[in-house]
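Enquirer: What follows is each chain in one-letter form.
Number of protein chains: 2
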Amino acid sequence: MSKPSVLIVGSLAYDDLEMPSGTFENVLGGAATYSSIAAALFCPVRLVGVIGEDFPEAVLDDLGKRGVDTAGVERAKGKTFRWRGRYSADLGSRTTLDTQLNVFADFRPKIPQAFKSSPYVLLGNIHPALQLEVLAQVERPELVVADTMNFWIGSEAQLLGKVLEKIDLLVINDEEARELTGIHNLVKAAADIRKRGPKHLIIKRGEHGALYFDSDGAFYAPAYPLEDVVDPTGAGDSFAGGLMGYLTRVNTLAHPTMRRAIYFGSALGSFCVEGIGPRRLLDVTRADLAKRMAQFVSLVETGGPVGLPE
Amino acid sequence: MSKPSVLIVGSLAYDDLEMPSGTFENVLGGAATYSSIAAALFCPVRLVGVIGEDFPEAVLDDLGKRGVDTAGVERAKGKTFRWRGRYSADLGSRTTLDTQLNVFADFRPKIPQAFKSSPYVLLGNIHPALQLEVLAQVERPELVVADTMNFWIGSEAQLLGKVLEKIDLLVINDEEARELTGIHNLVKAAADIRKRGPKHLIIKRGEHGALYFDSDGAFYAPAYPLEDVVDPTGAGDSFAGGLMGYLTRVNTLAHPTMRRAIYFGSALGSFCVEGIGPRRLLDVTRADLAKRMAQFVSLVETGGPVGLPE
Numbered sequence: 001m002s003k004p005s006v007l008i009v010g011s012l013a014y015d016d017l018e019m020p021s022g023t024f025e026n027v028l029g030g031a032a033t034y035s036s037i038a039a040a041l042f043c044p045v046r047l048v049g050v051i052g053e054d055f056p057e058a059v060l061d062d063l064g065k066r067g068v069d070t071a072g073v074e075r076a077k078g079k080t081f082r083w084r085g086r087y088s089a090d091l092g093s094r095t096t097l098d099t100q101l102n103v104f105a106d107f108r109p110k111i112p113q114a115f116k117s118s119p120y121v122l123l124g125n126i127h128p129a130l131q132l133e134v135l136a137q138v139e140r141p142e143l144v145v146a147d148t149m150n151f152w153i154g155s156e157a158q159l160l161g162k163v164l165e166k167i168d169l170l171v172i173n174d175e176e177a178r179e180l181t182g183i184h185n186l187v188k189a190a191a192d193i194r195k196r197g198p199k200h201l202i203i204k205r206g207e208h209g210a211l212y213f214d215s216d217g218a219f220y221a222p223a224y225p226l227e228d229v230v231d232p233t234g235a236g237d238s239f240a241g242g243l244m245g246y247l248t249r250v251n252t253l254a255h256p257t258m259r260r261a262i263y264f265g266s267a268l269g270s271f272c273v274e275g276i277g278p279r280r281l282l283d284v285t286r287a288d289l290a291k292r293m294a295q296f297v298s299l300v301e302t303g304g305p306v307g308l309p310e
Numbered sequence: 001m002s003k004p005s006v007l008i009v010g011s012l013a014y015d016d017l018e019m020p021s022g023t024f025e026n027v028l029g030g031a032a033t034y035s036s037i038a039a040a041l042f043c044p045v046r047l048v049g050v051i052g053e054d055f056p057e058a059v060l061d062d063l064g065k066r067g068v069d070t071a072g073v074e075r076a077k078g079k080t081f082r083w084r085g086r087y088s089a090d091l092g093s094r095t096t097l098d099t100q101l102n103v104f105a106d107f108r109p110k111i112p113q114a115f116k117s118s119p120y121v122l123l124g125n126i127h128p129a130l131q132l133e134v135l136a137q138v139e140r141p142e143l144v145v146a147d148t149m150n151f152w153i154g155s156e157a158q159l160l161g162k163v164l165e166k167i168d169l170l171v172i173n174d175e176e177a178r179e180l181t182g183i184h185n186l187v188k189a190a191a192d193i194r195k196r197g198p199k200h201l202i203i204k205r206g207e208h209g210a211l212y213f214d215s216d217g218a219f220y221a222p223a224y225p226l227e228d229v230v231d232p233t234g235a236g237d238s239f240a241g242g243l244m245g246y247l248t249r250v251n252t253l254a255h256p257t258m259r260r261a262i263y264f265g266s267a268l269g270s271f272c273v274e275g276i277g278p279r280r281l282l283d284v285t286r287a288d289l290a291k292r293m294a295q296f297v298s299l300v301e302t303g304g305p306v307g308l309p310e
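One line per chain: the protein sequences are A and B, in this order. Quick note on numbering: the first sequence equals residues 1 to 310 in the working numbering. Quick note on numbering: the second sequence equals residues 1 to 310 in the working numbering.
Only chain A is shown next, with the shape it has when bound in the complex (with noise of 0.2 Å):
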């Protein structure tokens, strides 16, 4: 029997990125290019999205010679999104100088047929209402895994609720949480997610790393403490991949497994910040991935169990 594999469907894009560090053009993006990277480190992905005339051939190849499917990556007539944005000095946040959707502003996904008993589903952050065609599309995946945004929380909360309710683990940060709930303490405003209908959930916190939550309890796992940060972009997105190509490899959900797929995809996050776009990424080994586990997870081990002195 082949190795399971995971299916990602989302953006693929080109960033124009003002970093402090300078201007970089024409970098590729998208979030699904970011997430199925990540993935491809642990098994084999489908990935469906729509490209423009422009998307070189030769990026598709690369992904394919990775172990990524591209046969539902669909190439309209246009131009490929195109992103722009500014980061701040700190790269602590950053402002969208502008978006062309370009092909992106009709894609409706279409599943190939060959994709679709695909056990494990990424859903990534497009329309819910794609994100429910998707769904509509798939044969009983064992996982469903969606990401979300404040934009769609505002305009399209009640299609966002439909989704909620067909999903099993749902990955937001922490303001998206807030804004999802009105509640401001992220232990209450996970316990209302998770009555919403995903059974488990990831609420991420950027550099202060990601929370979880099941039937089993909570963990918390930090973010890898880097020297050097250089881009931002895609860190969410390498974080879904890397969590969602580790489950799918290993083919459980549970807790304990949950906790080690979240140092995973925050390995993976790691990595992809080292460097503008995707190129740290791009070169990360299985290698390397390990060497970062082991000293991720020493970074917060407590040696044994933590007894009162007498």
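The set of hints was computed from the structure by calculation and includes no laboratory data. Nothing false has been slipped in among the hints.
As the list makes no split between identical chains, a pair holds if one copy fits it or if it spans any two.
Only pairs whose alpha carbons sit at most 25 Å apart, straight line, appear in this in silico SDA-like list of lysine to any residue:
1. Lys-188 to His-208
2. Lys-199 to Leu-299
3. Lys-188 to Glu-227
4. Lys-3 to Pro-309
5. Lys-188 to Gly-206
Use these hints to put chain B onto chain A, whose structure you have.
Expert: Only chain B this time, still in chain A's reference frame:
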């Protein structure tokens, strides 16, 4: 031989707290108060500070029953230090409305003869000149820990530099670390601070936990995620007190011990914020603490080595 003691020097105060949940006046406060209550769960405490004529004898009696030797608490003419502050709706920030230094304005710490050989010393957040005066009076402590704040970093940089040269462990928050060094990246800022003197460094990040650095590497401990945060006042001081109490009790500064000490400090901080002022902290039993520590550690356990799946 008797158990080793910790010497704690700092403020005793009364606070008026304008919380989202109501206004609470004449609440027992002061950094040294919180630190002493927390540390006393582990080891005998020797407290040095100043109070006014209005400070109730009953509070000193209660501290005494907890194992806090208040022989170094000077009663001066006038009123006790008083602080009035208002917290934001989410408790994430606070504004000082009024500070009445009162007897604290002329405080010059006098270390009683019997306290001078204390092996562990916690210098609360007081004027760096006073921190140096304390160090001039004590005899070769094994560990000196200091807290400080933005105010001294900005106004007394030179004196603070002298303090740094003489201490073993500095406990500050992330913004203070950045202000002290002019470096945004905390890993780099930590290296810079450690070059200035303290071999050990803790950078507190409030609800985001704490980072620790020494020659054996870095360590990260999250904050214990609470459903109900009532009042953050004193959390950092309870952290420092719990940390010092544990270190004093186990009497070693090895890297794994520091990791556990940070967890104990964080656990005490988490109790502190559960009540107005020190109310909850004063009720914490060793059984409560052991239970929270177990829950706390289970929050971050990865369940063994994290290897890459084949």
